[in-house]
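The hints should help you fit chain B onto chain A, whose structure is shown.
There are 2 protein chains.
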Amino acid sequence: MAEVLKPVLKEAPYPAIAVVAPRQDPAGVALEKVYSIGALDEKSFKDGDSFIVDFGEHYTGYLIFDLGWAGVSCDAPARLRLIFGEVSTDVTQPLYPYKGWISASWLPDEILNVDFLPQQVRIARRHAFRYVRIEVISTSSNFSATFRNIQVRAVSSAGVDRHQPANYDSPLLRDIDRVSIRTLHECMQTSFEDGPKRDRRLWVGDLRLQALVNYASFNNAALVRRCLYLFAGLQRADGYITACVYEQPTPRIGEVVLIDYAALFGCIVLDYLHATNDRDTAAELWPVARQQLELALNNVDAQGLFVAPQQDYVFIDWNPGQDQSEALQGLDKQAAMQGLLIYSCRQGMALARAVGREEDAARLAENIALMSQAASRRLFDSALGVFVSGEHRQVSWASQAWMALAGVLPQQQMAQALEHVMTMPQAVRPLTPYLYHHMVDALIRCGLSQKAKKLVETYWGAMVKTGTNTFWEAFDPENPMSSPYGSKQIDSYCHAWSCTPSYFIRNGFT
Amino acid sequence: MAEVLKPVLKEAPYPAIAVVAPRQDPAGVALEKVYSIGALDEKSFKDGDSFIVDFGEHYTGYLIFDLGWAGVSCDAPARLRLIFGEVSTDVTQPLYPYKGWISASWLPDEILNVDFLPQQVRIARRHAFRYVRIEVISTSSNFSATFRNIQVRAVSSAGVDRHQPANYDSPLLRDIDRVSIRTLHECMQTSFEDGPKRDRRLWVGDLRLQALVNYASFNNAALVRRCLYLFAGLQRADGYITACVYEQPTPRIGEVVLIDYAALFGCIVLDYLHATNDRDTAAELWPVARQQLELALNNVDAQGLFVAPQQDYVFIDWNPGQDQSEALQGLDKQAAMQGLLIYSCRQGMALARAVGREEDAARLAENIALMSQAASRRLFDSALGVFVSGEHRQVSWASQAWMALAGVLPQQQMAQALEHVMTMPQAVRPLTPYLYHHMVDALIRCGLSQKAKKLVETYWGAMVKTGTNTFWEAFDPENPMSSPYGSKQIDSYCHAWSCTPSYFIRNGFT
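For the protein sequence lines, the chains are A and B, in the order given. Under our numbering, the first residue of the first sequence carries the number 139, and numbering increases by one thereafter. Under our numbering, the first residue of the second sequence carries the number 139, and numbering increases by one thereafter.
For reference, chain A alone in the conformation it holds in the complex (with noise of 0.2 angstroms):
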């Protein structure tokens, strides 16, 4: 099924712009013009020489040039080297030695032998990029070589922004958009990408998000239905499906169960369902949706607790210290997996109802009022006004977000407690605009809409103050330079659960 829903791409030229150069200036190194793309047309490079094109927007695709030669005679092949850059610092920093921690096989670097010029380069891989750094490693003494006709043939399947709003609250919100949806745009591939430069994979928890900003935007429906397929293909020996599946070269289980990923599975199924009304594939799903739920619920205690298990892990959010210990820097994640599960239950809930599954419906509300007692009972510090997490009894944005989701205190309470964790200097800050969408969802759901929008100009208007096209995977105000993988040279600077925002400017903030 899934197969057959497979999208066509679309693929458009598009030029590069300019050729630009750094600047060192106060906020760090931003790129400014040298000439124009046309004064390219009269240069040429010989062994060392570098120079970078600028494209103007980020693009998805297979970058495209004539390489040719000026001088005596062109008497040898050419080497080039590529690196393509998302954001100025992937091709203004040095891309070796690499010491992230995540497969240095993902730095997106190409070198180029050429054997006759002239000709027509294509890159065969296909490659996520604004900029393009080009180096000449080695031509010959009689000649240096010349680039003509620098374009990407860029690739999509998102179609057209169909429900772009007249007016915008603010530059800002409009920017903040712009850039929320150029993001979604080049993350809808032939499935929804988490990034198109990496991993190029479809993963559970982008997919929810992307899709919620698709219907607000392209409103491709059929791709999030052959994503939602894809995941019910291929589920795992006991049921779970896997937090990502592979699409290439043939659909493949993904290694790894996040259980707070599959719980979430059926919210993506209800979101699809009000979105489509198409009844018939929400039925086919919601076993799959309800096994989902029920294996979560096998980590649940007698009390109501959610316990993680030793075998399957809990995402929520990344951790800062990946590197150091757990117990000082990590978030402990308890009270949001709680929260999470109760959550998903709710959304599974109405679900079950929607396709006439009302004893489902009736099992899960068992499960939602003991969850839920057990969380307002043992997890919450009516002291503090807030949620606690495990033995340490840890303060977080992720505990509130989820808890107020969840709705296990009433809505006035839950605000109070969103409020005050964001004044709380101690508390657990998210780290990814994954969790930080859900904190914005949390405080919209409590009637926090001013708030919710100062989160998005805060949060998302810092990046796009950079001059980025697209938002990115992991983004820390405090520390921008920092990178959960050890390395800003592997980082995706265009990640589909950073494109939320447009989902709630589109909505108003409700």
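I should point out that these hints are in silico values taken from the structure, not numbers from a laboratory. Nothing here was measured: the structure is a model prediction, and the numbers come from that model. Do not rely on the hints blindly, as some may be mistaken.
Said to hold, decoys possible - Calculated cross-link-like contacts (lysine-lysine; reagent style BS3-like; alpha-carbon spacing at most 25 angstroms):
no., chain 1, residue 1, chain 2, residue 2
1, A, K603, A, K592
2, B, K184, B, K171
3, A, K237, B, K237
4, B, K603, B, K626
5, B, K171, B, K181
6, A, K184, B, K148
Stated by the list, open to error - Some chain A residues judged to face chain B by a derived CB distance under 7 angstroms, without partners named:
no., residue
7, W244
8, S282
9, D450
Each residue gets a CB set at the ideal place from its N, CA and C atoms; glycine is no exception.
Below, chain B alone, put in the same frame as chain A:
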């Protein structure tokens, strides 16, 4: 005309036969089998691992293999480095840092990024190799790379060796003939290339020797005709043909005239006429051949001596001291060029007669007489019994060889000069097989067949004894690790001008 004659290459697959590894032996580095290629199917390779596959024969073509993975999950691209080797040192000595003076873009390595595994990988560039070193640069911690069905799609336009002798005088001569024919086979593509690794280009000097061996083996006369028309169709404004021409992306004139190469053009046409009786082609090409002789003769002074001009060069042989003072180390080319030009005029005279141009022949006869007289009177040192060259009266094999081929003195006297120079320690010896060919040819023409055979057995035999499958661009038996380009790694180990032993062997050294 040349393009009409462009051949369709035959393509055939050959599998790799073993995985090999270096073993130190007294003669240098040898590669020995570690396991059969079938055993590779069971192995997998992580970051930093490498292995060398052996195809058992020299091939020119496109490497193909099935790249797969083993482990938990293939969750990242694979980055590989391939190094192609014609001989063992190519894959056992480091390629970098490279200090040769020819462009580093000829170094035969590729960095390869493969996004989705498993897939069949086909290297888009043509390479020339017997060995391939495969290094895994990066995978991810979740998988290692596997390699299966490693094969080469080998290309050549040579066809079938129709004239292999039934018997040889010795096993060594059989081996020398086999390696010669393989060398030619590999250099026969859409033109006669000098070397399939480098420069992959049609040179006058190589073509002449290749054509001779070709008539005695594959007898692909159409390819010779194509190459003759490529040169004739790409004359420089002053009428000279250039020393080489380029085929790709479209036929293009070379940058340098070598006067000796240009003068020899008519010899190739004459050999072609003898091999094919294609008088029409010979007649059509005669004006170009005559023009080359006329242009070369412009440099002969009133006394009949060739005086090298400033603007164009004479090749004869590589100089051992390219990077040192010419006066101290270099071959003085005056006498050799004098002999070569007389020889070329003699061949031109025969060609002119064969196509009915008696007037042209008569004019050349006058030039031959004048230059021969000058050679014997001014360049022959009767005290030493050898020809001398230049103001330092240098003695070299080159001078004796070309004077003998020119028939300047009676055969008996020339034979003495040849035998004598071979015993003189201070005489400048040949560096390349190209000049060794002319020495062997001269010995045969002076009735010294046994000495000719001995020289073939000694010089080419020493290469065979290294285990090579093809003959090399340059080989100095006194200093096997030297390179005329400052680095062995850039040398071509399958080089056209080195394939001529088969011509001598198959003609019985007569």
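We went through each hint and held it up to the structure:
1. A:K603 x A:K592: 15 angstroms, holds
2. B:K184 x B:K171: 21 angstroms, holds
3. A:K237 x B:K237: This hinted pair is violated, its Cα atoms lying about 30 angstroms apart.
4. B:K603 x B:K626: Holds - the C-alpha atoms of K626 (chain B) and K603 (chain B) are around 18 angstroms apart, at most 25 angstroms.
5. B:K171 x B:K181: 16 angstroms, holds
6. A:K184 x B:K148: 37 angstroms, violated
7. W244: Holds: closest Cβ of chain B sits about 6 angstroms from W244 (chain A), inside 7 angstroms.
8. S282: Because about 12 angstroms separates S282 (chain A) from the closest Cβ in chain B, which is outside the 7 angstroms limit, the hint is violated.
9. D450: Because about 15 angstroms separates D450 (chain A) from the closest Cβ in chain B, which is outside the 7 angstroms limit, the hint is violated.
The structure fails to meet hints 3, 6, 8, 9 from the earlier list, while all remaining hints are met.
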